[in-house]
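Those sequence lines, one after another, are chains E and C.
Each residue of the first sequence is one higher than the one before, starting from 1 at the first, in the working numbering.
Each residue of the second sequence is one higher than the one before, starting from 1 at the first, in the working numbering.
No lab work stands behind these hints, which were simulated from the structure alone.
We treat Cβ as the ideally placed atom computed from N, Cα and C, and that holds for glycine.
Check before you lean on any hint, since a few could be wrong.
[Stated by the list, open to error] According to the in silico footprint, chain E covers these stretches of chain C (three or more CB under 8 angstroms from chain E):
hint, stretch
1, 19-32
2, 57-63
3, 165-178
[Claimed, not checked] Short, incomplete list of chain C residues facing chain E, as computed with Cβ under 8 angstroms:
hint, residue
4, W35
5, A36
6, L39
7, M121
8, E124
9, D142
10, V143
Next come the chains, spelled out residue by residue.
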Amino acid sequence: MTGDERPDGRSGRHADLDTLADLHAGVLEGAEAARLREHVAGCRRCAEVLQALDAVQGQLRSLPAPAMPPAVAARLDATLADLRSDRPASTAPPVPPVPPVPPVPDPEDELVLARARRGRRLSRAIGAAAAAVVLLATGGAVASIVRGGGASTTASSGAGSAASAPVQPEEQSAPKAAGGGSFGNDSVGGAPGVAPQPVLPAYDQASLRAALPAIAAGNARLAAGMADPSRQAACAGSIPGATGSLRAVEHISYLGRPAYVFVYADGARLTGHVVTEACGTTPGQAATVLATIS
Amino acid sequence: MTAGERSDADLLRAHVAGDASAFEELVRRHRDRLWAVALRTTRHREEAADGLQDALISAYKAAGSFRGDSAVTTWLHRIVVNACLDRMRRRQSRATLQLPEDGPRELADTRDRVAEQDTRMVVEEALGQLPAEQRAAIVLVDVEGWSVAEAAAILGVPEGTIKSRCARGRARLAVMLGHLRNPGAPAAVAPRTGSGPGSASGSASGSGGEAR
Numbered sequence: 001m002t003g004d005e006r007p008d009g010r011s012g013r014h015a016d017l018d019t020l021a022d023l024h025a026g027v028l029e030g031a032e033a034a035r036l037r038e039h040v041a042g043c044r045r046c047a048e049v050l051q052a053l054d055a056v057q058g059q060l061r062s063l064p065a066p067a068m069p070p071a072v073a074a075r076l077d078a079t080l081a082d083l084r085s086d087r088p089a090s091t092a093p094p095v096p097p098v099p100p101v102p103p104v105p106d107p108e109d110e111l112v113l114a115r116a117r118r119g120r121r122l123s124r125a126i127g128a129a130a131a132a133v134v135l136l137a138t139g140g141a142v143a144s145i146v147r148g149g150g151a152s153t154t155a156s157s158g159a160g161s162a163a164s165a166p167v168q169p170e171e172q173s174a175p176k177a178a179g180g181g182s183f184g185n186d187s188v189g190g191a192p193g194v195a196p197q198p199v200l201p202a203y204d205q206a207s208l209r210a211a212l213p214a215i216a217a218g219n220a221r222l223a224a225g226m227a228d229p230s231r232q233a234a235c236a237g238s239i240p241g242a243t244g245s246l247r248a249v250e251h252i253s254y255l256g257r258p259a260y261v262f263v264y265a266d267g268a269r270l271t272g273h274v275v276t277e278a279c280g281t282t283p284g285q286a287a288t289v290l291a292t293i294s
Numbered sequence: 001m002t003a004g005e006r007s008d009a010d011l012l013r014a015h016v017a018g019d020a021s022a023f024e025e026l027v028r029r030h031r032d033r034l035w036a037v038a039l040r041t042t043r044h045r046e047e048a049a050d051g052l053q054d055a056l057i058s059a060y061k062a063a064g065s066f067r068g069d070s071a072v073t074t075w076l077h078r079i080v081v082n083a084c085l086d087r088m089r090r091r092q093s094r095a096t097l098q099l100p101e102d103g104p105r106e107l108a109d110t111r112d113r114v115a116e117q118d119t120r121m122v123v124e125e126a127l128g129q130l131p132a133e134q135r136a137a138i139v140l141v142d143v144e145g146w147s148v149a150e151a152a153a154i155l156g157v158p159e160g161t162i163k164s165r166c167a168r169g170r171a172r173l174a175v176m177l178g179h180l181r182n183p184g185a186p187a188a189v190a191p192r193t194g195s196g197p198g199s200a201s202g203s204a205s206g207s208g209g210e211a212r
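Here chain E stands alone, though its shape is the one from the complex (with noise of 0.2 angstroms):
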């Protein structure tokens, strides 16, 4: 790409496709330039060869900008509204943007949407699961606890074990797991019978270790809110010090932030890593983990 490889289209002789392009965009400088330009004002070929690049500049100028596709804005909103639920508790009071929904699809935003879907058919199931938490630990007490309208009471035989821990309600308190915090959530689509923003489970860390049992017997499957399957896997494995094997995901509130709990078995002992909500959407970089419990 360097000059010193060029082998010159002195004057004389036709010079070559890339040492014109090199002279129309200004990469040939002072003699050789002036040589070139001297060639070229009296060959046709060469000359043609300019105004072909100047065309394609023409086209390319008019290409017109590409809109993006509501699904995309959608996603993007949800992003920034994570983030800035992910952010200390600022003064402002917090405003969650709301994206626009197409009322029919473009057809071209199938991947994102069907993305979309899979997370609110989760998010669904996974709600149920932790409605049948809730039912476990608090006995009975359940209308204290799921409100909203949000997650299903359906109790399924998903979770195991009793857990005795008292649920805080802490999710009125905490405003800013609203607005779509998650990623691929029900943000997007549209679709009639859309399943409402899901109750995060709230714990604080007493609760959660009480709690692991019933969670690692829930499912590792995808946590709602992961839009997909490598997120959660590039947060699984920026998890420092986590070791055994992954028996469990689970979207929750910790002490009132959004979060997820990895949780994992290590022989008896369960180990709950509760990480921020952003985790795994930076390659490379380590989640942050706001508590380990076990």
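Please build the complex by placing chain C on the supplied structure of chain E, with the hints as guidance.
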């Protein structure tokens, strides 16, 4: 500029100072251009969306390190383009993507498709055939209208490299878009490196050059 209309730099400063909505406003201002660059750099919608997301997350977090020695838009573009190139590199190393080893060839049926309506698609398609680094330079300078100096700042390479990449890219595009097809004249222009596999009409196969 009215009081309600903060500059990009103001918004970034406000974000660093803890203004919860400043960054989103900044992004809203520029996201169409950033999307265009991401999409044209990656040639892949999902990849562009992922790259743009990566970039905005890192811009959000690294805003405090912005020193103001370039425009905020230049800085944002730099982060977006690099995030996209980075994603492409990783994808290529994963998939050992087969890139065409020979020089550029005129796209199939170019001449028939150059009906007014199709021209843009053909140009976009041809752009997509360029090696990523050439394409990034061409997109910034020729499509988006950045100066060579600005493009150099965005891509983090010397200006001469930008010019050179643009020159290579335009030469390839001239071939692919059929501008050098005119028999008897420029078609006789010899490829410089002679690496062209003589299969394709042997005439205007342009530079072999690097495949990536």
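A quick look at each hint next to the structure:
no.	hint	in the structure
1	19-32	holds (count 8)
2	57-63	holds (count 4)
3	165-178	holds (count 10)
4	W35	holds (4 angstroms)
5	A36	holds (5 angstroms)
6	L39	holds (5 angstroms)
7	M121	violated (10 angstroms)
8	E124	holds (7 angstroms)
9	D142	holds (4 angstroms)
10	V143	holds (5 angstroms)
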